[in-house]
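Engineer: Sequence:
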Amino acid sequence: MEPRPTIRLDKWLFFARFFKTRGLSAKLVTAGGVRVNGVRVSKPSASVGVGDTLTFAQGRAIRVVEVRELGTRRGPAPEAQALYADHSPPVPPRPEAAPRPGARPTKKDRRDMNAQGLGRTLE
Numbered sequence: 001m002e003p004r005p006t007i008r009l010d011k012w013l014f015f016a017r018f019f020k021t022r023g024l025s026a027k028l029v030t031a032g033g034v035r036v037n038g039v040r041v042s043k044p045s046a047s048v049g050v051g052d053t054l055t056f057a058q059g060r061a062i063r064v065v066e067v068r069e070l071g072t073r074r075g076p077a078p079e080a081q082a083l084y085a086d087h088s089p090p091v092p093p094r095p096e097a098a099p100r101p102g103a104r105p106t107k108k109d110r111r112d113m114n115a116q117g118l119g120r121t122l123e
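Going by full-length UniProt numbering, 92 is the number at position 92 of the sequence shown; the sequence numbering is gapless.
Please note that the accuracy of each hint is not assured.
[What the hints assert, rightly or not] Derived lysine to any residue pairs resembling SDA-like cross-links, with alpha carbons at most 25 Å apart: (1) K43 <-> G33; (2) K27 <-> R63; (3) K11 <-> A77; (4) K43 <-> L83; (5) K27 <-> A85; (6) K27 <-> A61; (7) K11 <-> Q58; (8) K20 <-> R8; (9) K43 <-> P3; (10) K11 <-> A61; (11) K27 <-> V50; (12) K27 <-> N37; (13) K27 <-> A77; (14) K27 <-> I62; (15) K11 <-> S42; (16) K11 <-> R74; (17) K27 <-> R73; (18) K11 <-> E69; (19) K43 <-> T72; (20) K43 <-> R60; (21) K20 <-> T53; (22) K20 <-> V50; (23) K20 <-> R74; (24) K11 <-> Q81; (25) K43 <-> G71; (26) K20 <-> D52; (27) K11 <-> R22; (28) K20 <-> R63; (29) K20 <-> G49; (30) K43 <-> A61; (31) K27 <-> D86; (32) K11 <-> L24; (33) K11 <-> S88; (34) K27 <-> G71.
Source of the hints: derived by calculation from the structure; they are not laboratory data.
With the hints as extra help, turn the sequences into a complete structure.
Structural biologist: Shown next as structure tokens:
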């Protein structure tokens, strides 16, 4: 029986263009931020192969991807997207920014206050 072909985890994340540099992908793995098939991995040299499921945070999103191919280089985006199948949940919308109390009113805010009779008058 032949051994299953694998690649280093940090290398695959870099090839699949999830991170801009291999060092950034290695840093995430070292911090324990990646799970391979549900098991937390803390070594960038951990092996991944076709069929493995990776779960990690990228920005505000949680990414769940299935390895489809190993890849041999960091190619263009269409080539990188062929390396995985994305099963990520949708990204939650950002909450609306509430106006800061005590902040200076904008020009529109001043016009609205004047229309309501709340603004300063120049009498």
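Engineer: None of the hints should be skipped; say for each whether it holds.
Structural biologist: Hint-by-hint comparison with the structure:
no.	hint	result
1	K43 <-> G33	holds (11 Å)
2	K27 <-> R63	holds (17 Å)
3	K11 <-> A77	holds (16 Å)
4	K43 <-> L83	holds (21 Å)
5	K27 <-> A85	holds (23 Å)
6	K27 <-> A61	holds (18 Å)
7	K11 <-> Q58	holds (16 Å)
8	K20 <-> R8	holds (16 Å)
9	K43 <-> P3	holds (21 Å)
10	K11 <-> A61	holds (21 Å)
11	K27 <-> V50	holds (23 Å)
12	K27 <-> N37	holds (19 Å)
13	K27 <-> A77	holds (22 Å)
14	K27 <-> I62	holds (17 Å)
15	K11 <-> S42	holds (14 Å)
16	K11 <-> R74	holds (9 Å)
17	K27 <-> R73	holds (20 Å)
18	K11 <-> E69	holds (13 Å)
19	K43 <-> T72	holds (21 Å)
20	K43 <-> R60	holds (23 Å)
21	K20 <-> T53	holds (21 Å)
22	K20 <-> V50	holds (22 Å)
23	K20 <-> R74	holds (10 Å)
24	K11 <-> Q81	holds (15 Å)
25	K43 <-> G71	holds (20 Å)
26	K20 <-> D52	holds (22 Å)
27	K11 <-> R22	holds (6 Å)
28	K20 <-> R63	holds (16 Å)
29	K20 <-> G49	holds (21 Å)
30	K43 <-> A61	holds (22 Å)
31	K27 <-> D86	holds (22 Å)
32	K11 <-> L24	holds (11 Å)
33	K11 <-> S88	holds (21 Å)
34	K27 <-> G71	holds (21 Å)
In summary, this structure violates none of the numbered hints.
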